[in-house]
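Engineer: Let the sequences and hints guide you as you build the complete structure.
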Amino acid sequence: MRDLIYLTVILPLLGFLINGIFGSKIKNEKLIGIIGSSVVGISFLIALGAFFETLALPVEQRQKIVSLFSWMAVGNLNVSFAFQVDQLSLVMALVVTGVGFIIHVYSIGYMHGDRGYWRFFSYMNLFIFAMMNLILADNFVLLFLGWEGVGLCSYLLIGFWYDRKFEKSTVADASKKAFIVNRIGDFGFLLGMFLIYMTFGSLNFNEVFSRALSFNVPTYVFGFIAIFLFIGATGKSAQIPLFVWLPDAMAGPTPVSALIHAATMVTAGVYMVARTSIIYASAPQIMMVIAIVGALTAFFAATVGIVQNDIKKVLAYSTVSQLGYMFLAMGVGAFSAGIFHVMTHAFFKALLFLAAGSVIHSMQEEQDIQKFGGLKKYMPRTHITFLIAALAISGIPPLSGFFSKDEILWFSFANGGLFFWIMGAGTAMITAFYMFRLYILTFDGKERFGKDKHPHESPSIITIPLIVLAVLSVIGGFIGIPEVFSGEHGNQFHNWLAPIFKDADRKLAYFSMHSHTTEILLMVLSVVFAVSAIWFARYIYLKNPTIATDTAKRFKGLYNLLWNKYFVDEAYDAVIVNPIVRTSSSFLWKIADNKIIDGVVNGSAKLIDIISANIRKLQNGVAQFYALVMVLGIVAAFFWIILSL
Amino acid sequence: MTITIEYYLILSAFMFLVGVVGVLINRNAIVVFMSIELMLNSANLTLVTFSSFLGNSIGQLFVFFVMTVAAAEAAVGLAIIIAIFRNKLTVNIDEINILKW
Chain A
1 MRDLIYLTVI LPLLGFLING IFGSKIKNEK LIGIIGSSVV GISFLIALGA
51 FFETLALPVE QRQKIVSLFS WMAVGNLNVS FAFQVDQLSL VMALVVTGVG
101 FIIHVYSIGY MHGDRGYWRF FSYMNLFIFA MMNLILADNF VLLFLGWEGV
151 GLCSYLLIGF WYDRKFEKST VADASKKAFI VNRIGDFGFL LGMFLIYMTF
201 GSLNFNEVFS RALSFNVPTY VFGFIAIFLF IGATGKSAQI PLFVWLPDAM
251 AGPTPVSALI HAATMVTAGV YMVARTSIIY ASAPQIMMVI AIVGALTAFF
301 AATVGIVQND IKKVLAYSTV SQLGYMFLAM GVGAFSAGIF HVMTHAFFKA
351 LLFLAAGSVI HSMQEEQDIQ KFGGLKKYMP RTHITFLIAA LAISGIPPLS
401 GFFSKDEILW FSFANGGLFF WIMGAGTAMI TAFYMFRLYI LTFDGKERFG
451 KDKHPHESPS IITIPLIVLA VLSVIGGFIG IPEVFSGEHG NQFHNWLAPI
501 FKDADRKLAY FSMHSHTTEI LLMVLSVVFA VSAIWFARYI YLKNPTIATD
551 TAKRFKGLYN LLWNKYFVDE AYDAVIVNPI VRTSSSFLWK IADNKIIDGV
601 VNGSAKLIDI ISANIRKLQN GVAQFYALVM VLGIVAAFFW IILSL
Chain B
1 MTITIEYYLI LSAFMFLVGV VGVLINRNAI VVFMSIELML NSANLTLVTF
51 SSFLGNSIGQ LFVFFVMTVA AAEAAVGLAI IIAIFRNKLT VNIDEINILK
101 W
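Sequence order for the protein chains is A and B. So for the first sequence, the numbering used here puts the first residue at 1; every next one is plus one. So for the second sequence, the numbering used here puts the first residue at 1; every next one is plus one.
Be aware that a few hints might be false.
Unchecked claim - Listed next, the in silico DSS-like pairs over lysine-lysine satisfying Cα-Cα at most 30 angstroms (straight line):
| id | chain 1 | residue 1 | chain 2 | residue 2 |
| --- | --- | --- | --- | --- |
| 1 | A | K176 | A | K376 |
| 2 | A | K543 | A | K451 |
| 3 | A | K25 | A | K64 |
| 4 | A | K617 | A | K556 |
| 5 | A | K377 | A | K451 |
| 6 | A | K606 | B | K88 |
| 7 | B | K88 | A | K617 |
| 8 | A | K165 | A | K176 |
| 9 | B | K100 | A | K617 |
Derived from the structure by calculation, the hints contain no laboratory data.
Structural biologist: The following block contains the structure:
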């Protein structure tokens with residue numbers, strides 16, 4: 001099955017081509033949905049087969065390169081279209097195709113009746129194609145192909161309902177924002193790639209990583225490569241300072257938010273950092289930068305989540321916050337913990353989004369949680385799955401989020417220090433609080449929706465994917481039970497990924513000098529934080545709703561700050577966007593383009609016009625004049641020949 | 001006295017010059033036409049001269065081609081002149097100058 005891994009890339013492409021070319025002709029929605037889902041489903045089965053095959057092999061044989069063809073060979077640069085099947089790419093491939101398949105099935109029900117039904121599925125398949133390229137690539141160029149491809153699909157799918165209004169502007173503006181912000185990151189990524197090629201003379205992963213160990217390269221070069229690649233990651237994975245596009249990406253259909261903007265694409269940056277772990281391990285200062293950026297992103301995004309009222313917006317900020325967690329893990333050298341969180345987060349965050357989609361669906365496109373309430377009576381399955389996901393993200397044992405989150409918290413304490421642990425634990429507490437604020441306002445308490453709404457449970461094509469994801473959210477953590485509990489076998493997930501990160505780990509050389517008692521103590525502490533935050537949320541929003549409004553009134557400044565998301569968008573508008581727009585319109589458009597460029601073009605045309613207006617007078621129509629000129633020419637030619645003899 | 005090649009060539013050059021000047025200064029299209037014939041014949045004379053002095057018959061052979069072309073050209077040219085005359089009632093070249101800017 002490992003040799004067939006290229007099918008996991010080609011099948012979604014095939015699905016994209018079929019639905020993209022013939023989709024408008026196929027009148028049967030079911031057929032389109034089945035084509036779109038089955039290609040991803042088969043890809044998942046192939047990835048699963050490859051996983052079990054790899055699992056049966058001894059550790060040193062687990063990496064395999066499946067080469068398709070030589071893509072470009074120019075001078076010393078030799079890039080092949082080759083896929084790398086190893087422990088890390090298999091984990092990501094399983095998550096992407098598995099969660100992707102579930103979301104595709106969900107979309108069959110969710111997108112029912114949409115006039116762009118076929119377009120939706122073709123874009124989704126294209127996304128899976130690009131994402132699989134990104135994950136399975138064995139070189140930076142192919143990774144970049146996937147990197148750009150997922151950006152394109154993200155743009156296309158955010159702008160799927162391009163003619164609708166979104167907040168103050170339109171859906172199309174939101175998709176453009178996502179694309180442009182991502183371009184800034186991609187520019188950094190490209191610079192990083194150039195520098196890698198300059199330094200190591202190759203773009204192939206294995207060659208670059210082995211040369212990173214053996215070549216004598218100064219630390220600052222590693223630092224530059226690492227920071228450039230990290231700029232790329234901040235764009236794709238929505239970290240400070242490039243996170244602003246992700247909340248706006250919620251303009252897209254909810255399955256898109258679940259697949260692209262929660263479970264898979266936004267984790268591409270985390271994956272990339274994990275893949276290039278050896279480069280980051282060689283630049284410890286940049287690791288510190290990543291840890292700080294991750295911790296700050298986690299914390300600030302979580303605080304914004306407390307006050308938002310749009311159900312998807314809360315989840316979007318929660319995603320930014322969780323991505324911050326993952327980067328915190330990367331920054332403190334806990335690569336496998338970060339990837340573990342990528343996986344569990346894919347389960348519970350996809351579930352949260354899909355459940356939110358189910359709610360939005362049954363409330364006729366209403367997204368304001370102030371107009372929900374008491375929905376658990378009407379939507380029992382959506383309610384219970386949402387509750388499971390909320391418990392998982394809050395880190396309640398033994399759900400999956402508990403294991404991955406606590407592993408990150410533990411490593412941030414052991415490798416990073418108390419500051420990172422406080423940021424992480426604080427974020428965990430806030431996360432539990434806003435998740436249960438969301439849960440209570442949506443499913444519990446008094447019904448606040450109008451008489452015109454008739455909430456009802458969604459059909460099983462929507463609820464079954466929710467149940468599958470809920471099961472995964474519950475059991476997903478057990479593959480990574482920390483050493484404290486599992487004893488001598490250690491953390492299975494960590495052992496599985498260890499060969500990928502062994503060079504980086506050796507270079508970083510973190511020695512765990514902390515006892516298991518400390519680890520358990522911190523674990524208990526963070527669970528206590530989470531439970532108390534949940535209790536606090538229940539106390540405020542269920543028992544005494546006035547507290548929330550009173551607090552908002554008393555701390556009006558702080559509330560406004562959070563409500564307006566720290567005015568980051570406004571600041572970017574004022575500092576970057578508006579100056580560019582103004583310079584463009586007043587100078588680039590009206591002077592550079594209209595005056596200079598148009599002046600040169602029109603001026604040269606005018607010059608030729610004037611010259612030819614005079615020259616054409618020679619064409620007076622008198623045949624004898626032409627004959628005279630010809631004779632003079634011949635005479636001149638003769639003279640010239642005679643003189644030159 | 002012997003008649004050397006120069007005599008023939010000077011005569012031919014003179015005929016050619018007369019033809020050129022005739023083409024350039026005459027207003028009547030038919031006279032212009034005749035001047036062109038004069039130029040062609042001067043070329044023929046040169047060909048015959050060289051053929052005779054070099055002892056090569058290809059030059060004389062070529063003259064027949066030139067005469068054939070000249071006859072055909074005269075037929076077509078005269079037909080054009082008649083057609084123009086029917087349209088414009090003149091064969092003055094400087095009045096036939098509509099092909100211009």
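Engineer: All hints are to be evaluated individually against the structure, with a verdict given for each.
Structural biologist: Against the structure, the hints:
no., hint, result
1, A:K176 - A:K376, "violated (37 angstroms)"
2, A:K543 - A:K451, "holds (24 angstroms)"
3, A:K25 - A:K64, "violated (41 angstroms)"
4, A:K617 - A:K556, "violated (82 angstroms)"
5, A:K377 - A:K451, "holds (16 angstroms)"
6, A:K606 - B:K88, "violated (38 angstroms)"
7, B:K88 - A:K617, "holds (24 angstroms)"
8, A:K165 - A:K176, "holds (14 angstroms)"
9, B:K100 - A:K617, "holds (9 angstroms)"
Of the hints listed earlier, those the structure fails to meet are numbers 1, 3, 4, 6, in rising order.
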